[in-house]
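Peer 1: So the sequence shown is residues 1 to 245, counted in full-length UniProt numbering.
No wet-lab data here; the hints were simulated from the structure.
Some hints could be false.
If you anchor each label on the Cβ, the simulated ranges turn out as follows [said to hold, decoys possible]: (1) G62 / S175: 39 to 47 angstroms; (2) S168 / Q94: 21 to 29 angstroms; (3) A197 / L73: 55 to 63 angstroms; (4) V7 / A187: 28 to 36 angstroms; (5) A187 / E229: 21 to 29 angstroms; (6) A164 / P28: 45 to 53 angstroms; (7) M3 / H191: 14 to 22 angstroms; (8) H191 / T233: 30 to 38 angstroms; (9) T233 / A107: 48 to 56 angstroms; (10) G24 / D49: 17 to 25 angstroms; (11) T233 / D49: 45 to 53 angstroms; (12) D10 / P70: 41 to 49 angstroms; (13) D49 / P91: 31 to 39 angstroms.
Under the rule of at most 27 angstroms between Cα atoms (straight-line distance), these lysine-lysine pairs were calculated in the DSS-like manner [to be verified]: (14) K59 / K69; (15) K36 / K69; (16) K36 / K59.
Cβ atoms here follow ideal geometry from the backbone N, Cα and C, with glycine treated the same way.
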Amino acid sequence: MAMRYQVIADDLRRLIESGELEAGQRLPAEAELASKYMVTNPTLRRALDVLQAEGLVEKYHGRGNFVRKPMPLLTYSIDAAAACHMARSTPGLQVGVTMSRLEADEALSALLQVERGTPLTLYVYISHVGAAPHSLARLYVPRDVADFGVPRSSSAPLGDDVRAGLTSVGVRVASTVERLTARPPTAEEAHTLGIAASRPVLSIQRTATDIAGRIVEWTFLTLPGDRTEAVFTSRTAKNSLEATR
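With the hints as constraints, model all of the structure from the sequences given.
Peer 2: Structure (structure tokens):
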């Protein structure tokens, strides 16, 4: 026999899938729903937790529970051509870029393997599809490596303009290491990406080094984990051999 919270989740799911509760619509207050279904608040919240885990409902602190709007799938790839395809295949994608100058604190000095106080440039890329936030990218470049500006608007939501800028001033990236982690968002990330604090994000830390082993770019990407896929393509030895013929 189904538990009471499962029955409530099933009924709310039916209302959402039938369109009786529309995307973006605020659900009645939890106390009102608990009274309607004649259950305690903890039982009602357990039902809502089920719907949140399924991606049907979003809960925003101080605002309530909302039927989740469908969002476009994000595809992450280190391959530049794939990244450009992602941008082109996302209708209405707009990218805003800001640049600021700062000095490496203790955490950044460890990440970039530079002395504390080293001058850095921070590039922040925030993309939107319509009014909905899409992705967040923060890129750090030591100013003794390169010092260049970027446009305030861009078609590269994950900051590929910065890599192109490094290339333009003769900085050659010899290797890139990426670390992917699924985790809860920080309060700032949840606000910037317009997601609930309970919704996980895909965190990608990308370290680029030159032929001397010097870190020339350190990137911190934050993507909504429930609508992001990461695609990695490796050339086989056979394909590499054929490419050299």
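Peer 1: Now look at each hint and say whether the structure bears it out.
Peer 2: Hints versus structure:
no. : hint                            : result
1   : G62 / S175: 39 to 47 angstroms  : holds, 45 angstroms
2   : S168 / Q94: 21 to 29 angstroms  : holds, 24 angstroms
3   : A197 / L73: 55 to 63 angstroms  : violated, 22 angstroms
4   : V7 / A187: 28 to 36 angstroms   : holds, 34 angstroms
5   : A187 / E229: 21 to 29 angstroms : holds, 26 angstroms
6   : A164 / P28: 45 to 53 angstroms  : holds, 50 angstroms
7   : M3 / H191: 14 to 22 angstroms   : violated, 34 angstroms
8   : H191 / T233: 30 to 38 angstroms : holds, 34 angstroms
9   : T233 / A107: 48 to 56 angstroms : violated, 32 angstroms
10  : G24 / D49: 17 to 25 angstroms   : holds, 20 angstroms
11  : T233 / D49: 45 to 53 angstroms  : violated, 37 angstroms
12  : D10 / P70: 41 to 49 angstroms   : violated, 21 angstroms
13  : D49 / P91: 31 to 39 angstroms   : holds, 33 angstroms
14  : K59 / K69                       : holds, 12 angstroms
15  : K36 / K69                       : holds, 25 angstroms
16  : K36 / K59                       : holds, 19 angstroms
Of the hints listed earlier, those the structure fails to meet are numbers 3, 7, 9, 11, 12, in rising order.
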